[in-house]
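S.K.: The whole structure should be built from the sequences, with the hints applied where relevant.
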Amino acid sequence: MARIVVDPITRIEGHLRIEAELENGKIKDAWSSSTMYRGIEKILKGRDPRDAWYWTQRFCGVCTTVHSIASIRAVENALKIKVPPNAELIRNIIIGIQNVQDHVIHFYHLHALDWVDITSALTADPVKTSALAASLSDWPNNSATHFKAVQEKLKAFVGTGRLGPFANAYWGHPAYKLPPEANLMATAHYLEALEWQKEVIKIHAILGSKNPHPQTFLVGGMSLPIDPDSQNALNADKLITIKRLLAKAQDFVEKVYIPDLLAIAGFYKEWAAIGGGVGNYMSFGEFPDPLTGSLWMPAGAIMNKDLSKLLAVDQQKIGEYVDHSWYDYSGGQGKGLHPWEGETEANYTGPKPPYQHLDVEKKYSWVKAPRYDEAPMEVGPLARILVAYAGGQKEARAAVDMVLAKLGVGPAALFSTLGRTAARGIDALLMARQTPVYLEQLIDNIAKGDYRIHNNEKWDPAEWPAEVSGYGWHEAPRGALGHWIKIKDQKIASYQAVVPSTWNASPRDARGQRGPYESALVGTPMAKPDQPLEILRTVHSFDPCLACAVHVSDTTGNELVRIKVS
Amino acid sequence: MSRPQEDVMPSGRFSVARLLEERGVSRREFLAFCSAVTAAMALPATMVPKVAHALDKVQRPPLVWMEFQDCCGDTEALLRSANPTVGELVLDILSIDYHETIMAAAGHQAEATLEKTITDYKGKYLCIVEGSIPMKDGGVYGCVGGKSHLDRARQVCGSAAATIAVGTCAAFGGIAAAVPNPTGAVGVTRAVPGATVVNLPGCPCNADNLTAVVVHYLTFGKLPAMDGHGRPLFAYGKRIHDNCERRPHFDAGQYVEHWGDDAHRKGFCLYKMGCKGPATFHNCPTQRFNEKVSWPVASGHGCVGCSEPQFWDTSPLYRRLPNVPGFGIEQSADKIGLGFAAGVAGAFAIHGAMNALRKDKEPTDDHQQGED
Numbered sequence: 202m203a204r205i206v207v208d209p210i211t212r213i214e215g216h217l218r219i220e221a222e223l224e225n226g227k228i229k230d231a232w233s234s235s236t237m238y239r240g241i242e243k244i245l246k247g248r249d250p251r252d253a254w255y256w257t258q259r260f261c262g263v264c265t266t267v268h269s270i271a272s273i274r275a276v277e278n279a280l281k282i283k284v285p286p287n288a289e290l291i292r293n294i295i296i297g298i299q300n301v302q303d304h305v306i307h308f309y310h311l312h313a314l315d316w317v318d319i320t321s322a323l324t325a326d327p328v329k330t331s332a333l334a335a336s337l338s339d340w341p342n343n344s345a346t347h348f349k350a351v352q353e354k355l356k357a358f359v360g361t362g363r364l365g366p367f368a369n370a371y372w373g374h375p376a377y378k379l380p381p382e383a384n385l386m387a388t389a390h391y392l393e394a395l396e397w398q399k400e401v402i403k404i405h406a407i408l409g410s411k412n413p414h415p416q417t418f419l420v421g422g423m424s425l426p427i428d429p430d431s432q433n434a435l436n437a438d439k440l441i442t443i444k445r446l447l448a449k450a451q452d453f454v455e456k457v458y459i460p461d462l463l464a465i466a467g468f469y470k471e472w473a474a475i476g477g478g479v480g481n482y483m484s485f486g487e488f489p490d491p492l493t494g495s496l497w498m499p500a501g502a503i504m505n506k507d508l509s510k511l512l513a514v515d516q517q518k519i520g521e522y523v524d525h526s527w528y529d530y531s532g533g534q535g536k537g538l539h540p541w542e543g544e545t546e547a548n549y550t551g552p553k554p555p556y557q558h559l560d561v562e563k564k565y566s567w568v569k570a571p572r573y574d575e576a577p578m579e580v581g582p583l584a585r586i587l588v589a590y591a592g593g594q595k596e597a598r599a600a601v602d603m604v605l606a607k608l609g610v611g612p613a614a615l616f617s618t619l620g621r622t623a624a625r626g627i628d629a630l631l632m633a634r635q636t637p638v639y640l641e642q643l644i645d646n647i648a649k650g651d652y653r654i655h656n657n658e659k660w661d662p663a664e665w666p667a668e669v670s671g672y673g674w675h676e677a678p679r680g681a682l683g684h685w686i687k688i689k690d691q692k693i694a695s696y697q698a699v700v701p702s703t704w705n706a707s708p709r710d711a712r713g714q715r716g717p718y719e720s721a722l723v724g725t726p727m728a729k730p731d732q733p734l735e736i737l738r739t740v741h742s743f744d745p746c747l748a749c750a751v752h753v754s755d756t757t758g759n760e761l762v763r764i765k766v767s
Numbered sequence: 132m133s134r135p136q137e138d139v140m141p142s143g144r145f146s147v148a149r150l151l152e153e154r155g156v157s158r159r160e161f162l163a164f165c166s167a168v169t170a171a172m173a174l175p176a177t178m179v180p181k182v183a184h185a186l187d188k189v190q191r192p193p194l195v196w197m198e199f200q201d202c203c204g205d206t207e208a209l210l211r212s213a214n215p216t217v218g219e220l221v222l223d224i225l226s227i228d229y230h231e232t233i234m235a236a237a238g239h240q241a242e243a244t245l246e247k248t249i250t251d252y253k254g255k256y257l258c259i260v261e262g263s264i265p266m267k268d269g270g271v272y273g274c275v276g277g278k279s280h281l282d283r284a285r286q287v288c289g290s291a292a293a294t295i296a297v298g299t300c301a302a303f304g305g306i307a308a309a310v311p312n313p314t315g316a317v318g319v320t321r322a323v324p325g326a327t328v329v330n331l332p333g334c335p336c337n338a339d340n341l342t343a344v345v346v347h348y349l350t351f352g353k354l355p356a357m358d359g360h361g362r363p364l365f366a367y368g369k370r371i372h373d374n375c376e377r378r379p380h381f382d383a384g385q386y387v388e389h390w391g392d393d394a395h396r397k398g399f400c401l402y403k404m405g406c407k408g409p410a411t412f413h414n415c416p417t418q419r420f421n422e423k424v425s426w427p428v429a430s431g432h433g434c435v436g437c438s439e440p441q442f443w444d445t446s447p448l449y450r451r452l453p454n455v456p457g458f459g460i461e462q463s464a465d466k467i468g469l470g471f472a473a474g475v476a477g478a479f480a481i482h483g484a485m486n487a488l489r490k491d492k493e494p495t496d497d498h499q500q501g502e503d
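Going down the list, the sequences are from chains U and Y.
With the numbering used here, you'll find the first sequence wraps up at 767, consecutive numbering, no jumps.
With the numbering used here, you'll find the second sequence wraps up at 503, consecutive numbering, no jumps.
To give an idea of the chain Y side of the interface with chain U (calculated C-beta under 7 Å), a few residues:
no.: 1; residue: R211
no.: 2; residue: I227
no.: 3; residue: A241
no.: 4; residue: T244
no.: 5; residue: V271
no.: 6; residue: Y272
no.: 7; residue: C274
no.: 8; residue: K278
no.: 9; residue: A307
no.: 10; residue: A309
no.: 11; residue: F420
no.: 12; residue: H432
These are computed hints drawn from the structure, not numbers from a lab.
From the three backbone atoms N, C-alpha and C, an ideal C-beta is built for every residue, glycine too.
M.R.: Take a look at the structure:
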């Protein structure tokens, strides 16, 4: 049986390796391995819990706000701190635009080249391209002149003979199905999205001082003062800029991203039956109401694709296995440990680099295997949308029904590679429309004279109990994210993050159950095994984020690292 | 380190001016870009024509962007570059032959591209490194294509004309190197002794400074002047405190005492909230971020000192710096930075921080920029 190795998986965050076995032109089995480890949670031990958001933010520079959010929520949960409404609303705006921007970048810059053959765009007719685009939306840049200009740029670029990041790819692969005009349209929007994302994320610079890695988060609130009469605070000038940028974000999602998504998906409907995966979905819910705390996107779990039954999520049912991960448990492997009890001793037993293959029968990844009630779970936009759909959330139902109707498919099509990619678009659409609501609430609150941004009551660690524990949840662009913290004597006693890509990229567990990537790859057809385009399609549909996925906490304080090279 | 331009540029018929023209960038926009980067490099306006002339003539050198123990934050920073169209083009003009986060090819095809570039352009390509390099246990804590980060760094940085270490991780080891440094993470200068390296620390680095270094290299055929930590003086020559818009409030004794108090709303000094501006060398106050929209102090949060070596172990976010002198612009980064770090270390996890500081003093087999 042929063994395919794809390493590095490019156009993702982090270092991911896929090994797969091929039989009769289809993937028979697959293994997902993360090949990079830093040990940040180990490093966190003994430090100030108020600093943890800044450290954990560095898990990832792509979903650059998400660990800050989960971290401050975990500490606030442990210390029972209620943040002022303005701080909650500012966080909601930051979360909303992070999701929208991240999804657009993923679609155009990380995922599109799996479906779009840029070289085919060279032969497109700009007039026909314009007609195609006009049939989809009234986006003003969809003129023949614009498409011709893009095509000329592309020709000049290719004419140099140096393709830079587009060199040596899979152009001309038989799995590419788009006509030249659709390829040109998507290429033009690839370039437009590059400009757009820089603009809209300035909302983070206004509310967070910079992006990536905004720097205004605080345990207890935000550090951005509010005062309409100060030039050094959030004032009318800045609020109106945010409003304009949110409108720009929504406009692009509605008039470019969604139409492109639907048009491209229309040519690849066979992918609605490929890449299904584990069939279990989980969301932690997001966008707390600043007063009631109720969530706009609901939390919940769906098992075995059964949309008629939405289960409540109980954080006590989460456990992480290391049977196929390069760590040891003191009590032996074979059982999952809850994050509060999580222990980790790195113990690399893989092949000595340079190597050709991993020993997938044994341990083969730096990612642990988290399970919910013993089951592997898929998290991410698809899970979020399915949970909202099953929970009857009205905006989600309307958006999902619209997309399914336009594609002419039923809800079962969502359980697939194509469904995952479509759900990300639906997610972006919902958040692009909802984020301005939080801005309006913030403006109303400020108009009432409420300028509070921080709850100072427990800022001083002297006010803290000797020993507390807490957890913080967040729906990141890539899905359900949880941080668990134990604080002892004003210091971090243990810290554990179970992140979206830990769930999705997980290796097998004690019972041999595959993780979501592995499961989704089984059955995938490969037209040209030496050009693994189809593997990229399914893996990219999850939007992997591997630096996030690998982390370690160690509550023993012992020497962390031992090595046995096999 | 000074090399004539012809030595480091591969031959070809490419010129920046022609490429820009082909891509619809006007001469005026091009000159505006040259002015911006000239200003970023803290060069006088009279240098603009030289910068423009050099970019006009430059041949198209290849660039490879290596990601090791990284979070991709510096790549994201690049995507938010303040000189969008032309800035990207200048990097594009460099022909980014390898960059895992953006490249279309994957697996063997991606690795083949890297091999080809570093073979065909040995000694001539530019390398940008993001992320630290784990040295412990034979480098098992970071592998790509079955090869360790360490082996890849030695191979790729070792044969580059110059390596730009972007972000604090690539420059100094960064977060992964914080105590207890579980993976033995280090920056490029330690992992690849003898490589020609310029450090652009910051978490993430400011993409405008990256563009400026590249333009400086293309214009003058050498890397810019650096301080003892290998950081270009044009971007790291002055303390945040010296250029801070809130400096008058420091001098006047007007401080924020609580988050959200009246002083906070009025934009007073954040020193008492733990700002590390007095001990941090970086041009954030003038260069700012996201097309100059803001920077941390302007948004009400203190500087955390992210461009200083070992700031992870010496700078708890909200702890006040001890003994900040009111004036002292003339002090060098090396003296002042270490002095503050030692003071803070005394107040915080002593064993860890001192361990981190000791690393600087241990004799090593590499050549720290400025020490040799």
